[in-house]
Amino acid sequence: MNSVIEIENLTKEFDGLVAINHITLNVGEGEIFGFLGPNGAGKTTAVKMLCTILNPTSGSAKVCGYDIVRQRDKVRECIGIVFQDRAIDTFLTGKENLDFHARMYHLDRKTRQKRVAEVLDLMDLKGKENMRISDCSGGTQRRFEVARGFLNHPKVLFLDEPTLGLDVQARRNLWDYIKLLNEKEGITIILTTHYMEEADYLCHRVAIIDQGRIIAIDSPEKLKQAVGLNLISLQVAQDSSGSLVDSLKQLSWIKKIEARDGSLELSIDGGEERIPELIDFADNRGLVISSIKLYKPSLEDTFLHFTGKTIREVEGSLKEVWKAWMRSRGKR
Amino acid sequence: MRAIGARRIIDPLPIYTMWLREMKRFLRVKARVVGSLLMPLFFLAFLGLPMSFMPARQIPGLEGIGYLDFLAPGIVGMTLLFAGTMSGASVIWDKEFGFLKEVLVAPVNRFSVILGRSLGGMTTAIIQALVIVGIAVAMGVTLSSVAGFFLALVIMILTCATFTGFGLIIATKLGNLEGFMAIMNLIVFPIFFLSGALFPIQSMPSWLRYIMYIDPLTYGVDGLRGTLIGVSAFPLWLDFTVLLILCLALATLGSYFFSKMEAD
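Line by line, the protein sequences are chains A and B.
Heads up, the first sequence is in this note's numbering, so the first residue is 175 and it goes up one at a time.
Heads up, the second sequence is in this note's numbering, so the first residue is 141 and it goes up one at a time.
The hints are simulated quantities; they were obtained by calculation from the structure and are not laboratory data.
You may find that some hints are simply not true.
Label-pair restraints from in silico Cβ distances [what the hints assert, rightly or not]: (1) B:Lys164 x A:Glu447: 38 to 44 Å; (2) B:Arg168 x A:Ser234: 42 to 48 Å; (3) B:Phe289 x A:Thr231: 53 to 59 Å; (4) B:Trp233 x A:Gly312: 16 to 22 Å; (5) A:Arg346 x B:Ala171: 36 to 42 Å; (6) B:Val173 x A:Gln343: 36 to 42 Å.
Chain A regions said to be covered by chain B (calculated; three or more residues, Cβ under 8 Å) [stated by the list, open to error]: (7) 257-267; (8) 277-290; (9) 440-446.
C-beta: ideal position from N, C-alpha, C; glycine also.
Please work from the sequences and hints to get the whole structure.
Here you go:
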């Protein structure tokens, strides 16, 4: 796999405060790569450096083979960005914003018209293109921004907290568009998020980031596996769990058995395929399983595992509250 | 994607794009179009007309012309001052509402960005100024000559560019919206009142005259008066030269500050 992004020892300090602490990683072509971490972890700082908005304090990074400091303009030509805060002209219509972007990126008239029609189609924005942005819903505004982000055929699209502030339905909706975009246009997508489900649903690989350091990088699946085994909770109809426990011990993929409130909790190696196996196993011994459920560790658990705290705990800290307050003041 | 001249200083397509955006934004907000014309109209109607009914004066600089004739170029200058400064300073709004980031990360030379933007702002300012000229004529002001009118256009462009650069400097150096309007009024109103737009510079005591000499708008208003009405305190070449130098200096400084502006 070709690397589209190569980061080496990238570091950013703000007045002695280390926002990004020597991160090193590669992102391959066509990947959806996520930075997952609480607010203030340094995700946005990392993305801003890659987008050439911020200069790193030390270390280096290449985007599409171009150095982010020395070949700034080259990098800018091959990336698209959707910023965390709204960066779209609300006085203009969606189409005017797209036209604006196309011209700023030097697309000629014919390419522009064709491409604008394409992105409107792909993002399902047909019929809304002549509405003023200020009259569009938050989800639609965001979709216009994403549409604009990949208008100029970027090799890499950066999405900084793409679904922040959207309701559940609009969020789901946008996820599917992002997936579609990655599949149809083959764009490498770098996104930052503090939503576990988002990283889980979208990303091929996730970097868990906390206090400027990368704590783990892997696929969501592998990260979850690293945390622990899947858990099966089952109940048997007759009061014969004692005998079942004994025979279950024969199965090599069952790592641990715990009896709790009349049900059994099994730590297992494997996933859903173990459920029918268990049912058959019980059946052969004349036992009936009355309920069975599989629990997989979530990325939330993963974050907890790697950082020792949940994302919500981190965000509840006073510093974060203060930061959010400053941000909301800035927006007025 | 084609290789493009990202480092080209004068890049026509982005310049046109920025210009187009300014025009669209201006025309879209009807209230702003009307609002920007109301104040100059009030000055002409409620200051110019009543004053012109007062008995004939022997005030130096006002001999032989009505007060309305005298005032009209001053109000055109005022329109250019307000509209130009606002056009430059409105970069701060783009920053506040996030749109500046979209512009600054584009692979386009920043000078082209600010040139296009300023040209857009100047176009709208000069359209406003021309409407005021039209209103003044409708109120009975007589223009000196056709050639004078076209010379006045040149003075308008220079005056407007001067204050666009000035507004840009304030916006880039001030950086945020808080206190912005207060500072603007604090600077812009003295520039207007001390420009000789309302009273002739010749009739002032020398200490006040020297203060008026350092006001850039003094030369804009005087140039407009010379070209539109045919009456002026300074020779036209002086007005033109001073404005040209000021406009080049301020616009260059403004676009330099803009090119150094942080996207965030």
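- Query: Which earlier hints can't be squared with this structure?
  - Reply: Of the numbered hints given earlier, those the structure breaks are 1, 9, listed in rising order.
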